[in-house]
Structure formats: structure tokens, C-alpha cells
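Protein chains: 4
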Amino acid sequence: MRPSHIRLFATGGTFDKEYDEINGRLFFKDSHVREMLSLARCRLPLELETLMMVDSLELSDRDRQFIVDRCRTASEKRIVITHGTDTMELTARTLETAALDKVIVLTGAMIPYKFGSSDGLFNLGSALAFAQTLPDGVYVAMNGRCFPAGTVRKNRGNGFFEQVPPEEPQCET
Amino acid sequence: MRPSHIRLFATGGTFDKEYDEINGRLFFKDSHVREMLSLARCRLPLELETLMMVDSLELSDRDRQFIVDRCRTASEKRIVITHGTDTMELTARTLETAALDKVIVLTGAMIPYKFGSSDGLFNLGSALAFAQTLPDGVYVAMNGRCFPAGTVRKNRGNGFFEQVPPEEPQCET
Amino acid sequence: MRPSHIRLFATGGTFDKEYDEINGRLFFKDSHVREMLSLARCRLPLELETLMMVDSLELSDRDRQFIVDRCRTASEKRIVITHGTDTMELTARTLETAALDKVIVLTGAMIPYKFGSSDGLFNLGSALAFAQTLPDGVYVAMNGRCFPAGTVRKNRGNGFFEQVPPEEPQCET
Amino acid sequence: MRPSHIRLFATGGTFDKEYDEINGRLFFKDSHVREMLSLARCRLPLELETLMMVDSLELSDRDRQFIVDRCRTASEKRIVITHGTDTMELTARTLETAALDKVIVLTGAMIPYKFGSSDGLFNLGSALAFAQTLPDGVYVAMNGRCFPAGTVRKNRGNGFFEQVPPEEPQCET
Numbered sequence: 001m002r003p004s005h006i007r008l009f010a011t012g013g014t015f016d017k018e019y020d021e022i023n024g025r026l027f028f029k030d031s032h033v034r035e036m037l038s039l040a041r042c043r044l045p046l047e048l049e050t051l052m053m054v055d056s057l058e059l060s061d062r063d064r065q066f067i068v069d070r071c072r073t074a075s076e077k078r079i080v081i082t083h084g085t086d087t088m089e090l091t092a093r094t095l096e097t098a099a100l101d102k103v104i105v106l107t108g109a110m111i112p113y114k115f116g117s118s119d120g121l122f123n124l125g126s127a128l129a130f131a132q133t134l135p136d137g138v139y140v141a142m143n144g145r146c147f148p149a150g151t152v153r154k155n156r157g158n159g160f161f162e163q164v165p166p167e168e169p170q171c172e173t
Numbered sequence: 001m002r003p004s005h006i007r008l009f010a011t012g013g014t015f016d017k018e019y020d021e022i023n024g025r026l027f028f029k030d031s032h033v034r035e036m037l038s039l040a041r042c043r044l045p046l047e048l049e050t051l052m053m054v055d056s057l058e059l060s061d062r063d064r065q066f067i068v069d070r071c072r073t074a075s076e077k078r079i080v081i082t083h084g085t086d087t088m089e090l091t092a093r094t095l096e097t098a099a100l101d102k103v104i105v106l107t108g109a110m111i112p113y114k115f116g117s118s119d120g121l122f123n124l125g126s127a128l129a130f131a132q133t134l135p136d137g138v139y140v141a142m143n144g145r146c147f148p149a150g151t152v153r154k155n156r157g158n159g160f161f162e163q164v165p166p167e168e169p170q171c172e173t
Numbered sequence: 001m002r003p004s005h006i007r008l009f010a011t012g013g014t015f016d017k018e019y020d021e022i023n024g025r026l027f028f029k030d031s032h033v034r035e036m037l038s039l040a041r042c043r044l045p046l047e048l049e050t051l052m053m054v055d056s057l058e059l060s061d062r063d064r065q066f067i068v069d070r071c072r073t074a075s076e077k078r079i080v081i082t083h084g085t086d087t088m089e090l091t092a093r094t095l096e097t098a099a100l101d102k103v104i105v106l107t108g109a110m111i112p113y114k115f116g117s118s119d120g121l122f123n124l125g126s127a128l129a130f131a132q133t134l135p136d137g138v139y140v141a142m143n144g145r146c147f148p149a150g151t152v153r154k155n156r157g158n159g160f161f162e163q164v165p166p167e168e169p170q171c172e173t
Numbered sequence: 001m002r003p004s005h006i007r008l009f010a011t012g013g014t015f016d017k018e019y020d021e022i023n024g025r026l027f028f029k030d031s032h033v034r035e036m037l038s039l040a041r042c043r044l045p046l047e048l049e050t051l052m053m054v055d056s057l058e059l060s061d062r063d064r065q066f067i068v069d070r071c072r073t074a075s076e077k078r079i080v081i082t083h084g085t086d087t088m089e090l091t092a093r094t095l096e097t098a099a100l101d102k103v104i105v106l107t108g109a110m111i112p113y114k115f116g117s118s119d120g121l122f123n124l125g126s127a128l129a130f131a132q133t134l135p136d137g138v139y140v141a142m143n144g145r146c147f148p149a150g151t152v153r154k155n156r157g158n159g160f161f162e163q164v165p166p167e168e169p170q171c172e173t
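Protein chains in written order, with the working numbering: chain A, 1 to 173; chain B, 1 to 173; chain C, 1 to 173; chain D, 1 to 173.
Hint data in this document are derived by calculation from the structure and do not stem from the laboratory. One thing to keep in mind: the hints can contain errors.
One copy or any two copies: either way a pair holds, since identical chains are not told apart in the list.
Said to hold, decoys possible - Lysine to any residue pairs mimicking SDA-like chemistry, simulated, CA-CA at most 20 angstroms apart: (1) K114 / L37; (2) K102 / I22; (3) K154 / E35; (4) K29 / G157; (5) K102 / R25; (6) K154 / D20.
So here's chain A without its partners, still in its complex pose (with noise of 0.2 angstroms):
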């Protein structure tokens, strides 16, 4: 299996939240992606990007449109972009619509890197793997699953991803 090229796109989201030790209060500096693929020993041929640092609540139309149309413009088909996890699924949504021929995944992260217990190594990992395996097309890889643009949505109550309509009762294939 030859590795991939991948195209990664930090905007920025809890992953990349910091502490300012001054006024106490969450600031976004630079992304700590680079970082990660360090810490993570990852060998995929990636090039990494910074496209914006905010809290997804915060991201405009007009952001949006910049991400898709980045997403359009770079050489790589295969995309991976660290997002808040607030409007993941809106995103994904408008990278959908935007119909590209490419794999795209989306990722996040309930806790921020700095605050050493977070998720987002591990969902970083498997964003990587699907971006690498699956069919083109939009996914939110969170919680160590995958779902396609416009099937899943962020519980607020508990902070997990889940499919809309809700799953129904599954057998065992």
C-alpha cells in the first residue's frame, strides 16, 4: 500500500486551544498539529496548513466558503481538517454540497492537546486512516468512528457524535 499524500488543514477548534496564564481565560495561538504528527512518529507524505484559528462557533459563511474553496484548489485528493467540534457537521455539510472528487475528513477534539488528556491524538490517527482508505466523499471521524456529511450530528447533552436518524437496532454482519 503506497502512502497517500495528504493535504492537512488546521482552522483551529478545542484541538488547538491554550491557557493564557495572564488573564485566565482560552486563546488560540498557533496549532499544535505539527507537533502531534512529531509526537506520533507519522511518516505520511503531508503538507500541513494553517487556514484560520478559531472557535468553530465563530466560523462565517465566508470562512466556509474559504475552506471548500481551498479545499478545491489543493493538488492533494485526500484532505484531512482539524475543526471545532461545535459545527463540525455544518462544515461537512458545505464541503458535501461543493460535490468534489476528493476524500475529506473532518476532526476534532473535546479536549485540547495542551491539557495533556485529550482525544485529539487519537481521533488525528484514525482521521489520518480513513482519509487514506475510504471512497471520495465528506466524513466527521470522532469517537473512533466515521460518518458521512449529513448523517451525524454533535450531542450537546455528552459531547458525542452520533448518526441522524438515529441508528437503528443493528445485526451483527
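Chain A is fixed; fit chains B, C and D onto it per the hints.
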């Protein structure tokens, strides 16, 4: 995408090494995989089972046969095995020879999970994703990549996993 | 040197802030001081008591009076108080005014303990040491130093604690 | 209270052990004390110097003599030494015999700083505080306590430092 039921076998390896503060040596106590899945907020239907807790350099043929047997008898079609990196390629080939109609992904870590800057969480995330998306076969998931059994070796010099025979120059597709 | 019995009062502050992954805000749950003492393998005869769990900017006069009362009525002569850094100097002066025949050391942290790169453990270690060795009085222990109440302020610009009035040029003794 | 100038000698020990991901063994590279002081936001006038980087079980008489010599010739009156725990009591006695008119505090860690849940930061904080406040003498600072040289041993069973001969029942003063 319906979440696949996955069987997760822990066998030890660097992943699960701990530091014994009384005698200053590394040792195995319990697997940290459950704690890692919790921190990762993983919501896959997973069955976790510890088969053994050993350094992979000490795995005997009998141990490997036991791993093969448990993969064969497990009810799940998709299996992830946490394993020491030193002989991961050998266990992968042994499993390949068994020719099970399953997706089996081996993964591990270069740094113990308990040591705070481990690649283990990233590798676990990618292994679980590969296990959900790849066709039947035996694979090694390390460094963000996935290698079919028999085509991979650990480079003892730098610790990275690489394809054998050496990859040819890549042309971007 | 006989280990001194020490009373440890937790009042909150950055020390004990946590990240709420559901709403993305910082909050207080329980004090982490017990966990920190355990990790520190601390073997002092200590009595730990949580007086409140608040940001020190929200401490009222009544709260401060409660802290003074508890210091007065505690059976121990040596007391350490974990406290938010923003008004630590004020609580120290209030305690100083109470003129108790005790050694009282206030300490805190610039980074929450849960965020993995906190100064809290270092400060706790130094505060407990100062509490064992200094004469009766009220002190602020931060940045490895110890300041008597009334001679210290937090520099809002850089977050460091400094002597007031400004220290004169030092000559090594 | 004027901050005391302190000389900090690093000699290795568990404090500074790292995990070699290529061969799976523990080893020494550089001292982490500078990084720890930075994380601690320490603002003491400190001079840090690495004397050696060894396991304290491997310290020779000549090494101990070198430590004594450096303590004697250092311009600072207050000295902290980071040291492996296994022979800390022996180096302390050797220094005591040298009868220097200085305050010398030895400290160490049961868990390497790099392993994420170390007691090292706490011990460093307490050692620096004891070094500022105690009278001339040689001390071991571990477990939040401080023991004069010659009255302390490491309990090999539980890893805690304890007074010798055993402490008599305490009566609160």
C-alpha cells in the same frame, strides 16, 4: 456507515510498559488500552481482551499460535492487536499464513503510554480506523501508515516501519 | 528534624480549574491537591480541607474572614493555603492583620494542574517547605520565592510575583 | 526576604532518566532541571550546572569527591543537588564530613520527570525552599520532608525516605 464490532487483543509491548519506582526497571502490570479508549472518547462497539502482557522479543511460537487461535475463534470479523514493535512483522506473517477471512490490524508504540508523550494513542486511533475500512487481510499500522503483512519491517536504526522491498520512487496520482 | 503537622486549606484558584468539554469553559469541580500530594509521594502529617472552590477574583470579604477564622481555629500551627493568584496578596494582608501566632503560607498556580504543564506541583512543594521552616508570619510562596505579606504583588503584565516597593540592587552576601 | 543566590548541581538520577525508543532502555541525555525551572516559573537567582549524568548506584568515591569539591569552590552559600535516590544518603554523609559552611540540600525523584507523573517538580520546589531557609548543614529533601545528613535512609521496600533511628512517637507541639 454502521460502526463495526471490533475485537481488541492486548499482548503487551512498549504500549503497556510501566516504570517500577522501587527498582528503576520497566515492567508490565495491566494493559492501558481501556484507559486509552476512555480518554479517546471512543464509542465503537469494542470487545477488549488481554491475551498476554509481554515484551514482543519474548513471544514464543506457542504464544503466536495462541494469538492466531484467538483471532480465529473470535466472533468479530475485525480485529486490532496491540503488540510490541520488535516482532510485530513476524506475528503479522504468522497470522497471514493462517489465512483467516478477517481484517486484522497490528499496532504498537515506540514510547510507553504512561510516559506522557507516546505515539500509542495516535496509533490506536489509526489502527481502529484501518480495521473498519480495509478489506480482509493482515496489516501493520504504524507511523500513520498501513502495511500488508509480509511487506513491512521495522528499521532498527531509526525505529520507523518501512516497506520491503524498498519502495520505488513515487509518482503522485 | 521532626516532620511538622500541617493544615492544608484549598480555596480554589487556577490550581484547581478544569476544562468542561461540553461547554468549552473552565470550571471548578474538586480540589486536585490530594492527587498532587499523592503524586508527590508526600509523607508529611497533613490535614487537607477544602474551604471553598472559587476564582480568587470572586472572593468576598466574608470569604476572606472565613479563611481567617479557619486558620485561627485550626489546631495546627503551620498552615498552607492554595489560593487564586489574582487576590492572593489581599488575603495575605487580611491574614497578617489577624496577627495569629502561626506560620501561614499562601500559594497557587499560573496554569491549572490538570493542563499538564503546571507550576502548581513545584509551588506546593515549596510552600510546604517554607511552612515547615519559617518563623511565625504570613507569606506568599510563588516562583520559588517567599514574600512576607504586605511586601508582594502580582505583576499583571508578566504574571510573576514581585517585591513592593521594588527591590534595591542586590549585593551578594 | 531577599531571594538567595542558589547554585544548582545536577548529577543525574531517576530525575533525568529518559526512555530510548530504539532499544527500549532507560538512559541519560541532558538534565531536565532547566526545563523544570522554566515550567515552574522559578524566579530565583540560580546558577545551574551539570556535574555528571549518572545513576547514583554507579557513583564512585571519586565522583563524590568531585561533588564535594564543587560545593566547596562554588561561590554560592546555598546549594541544591539533584541526585539519584539510591545513594543520596551516602553522598549527603560525605558532604557532611566535609563540614562546609553552607546549606546543601540533596533531592531527587522516584519517577523520571519525562514520564509525566513525576514527584520531581514537587521535590525541586521543596529543596529550593529548604535551601533558602535552613541553617548551614547538609540535608536530604524527599517526600515533602527534610532530613539532616546521617539521620535518613531510603526504605528499599516502599521507596520512601525515613529517619534513622526510627522516629519516636510524636507529640504535637
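Determine which of the earlier numbered hints do not hold for this structure and return their numbers in increasing order. 2, 3, 5
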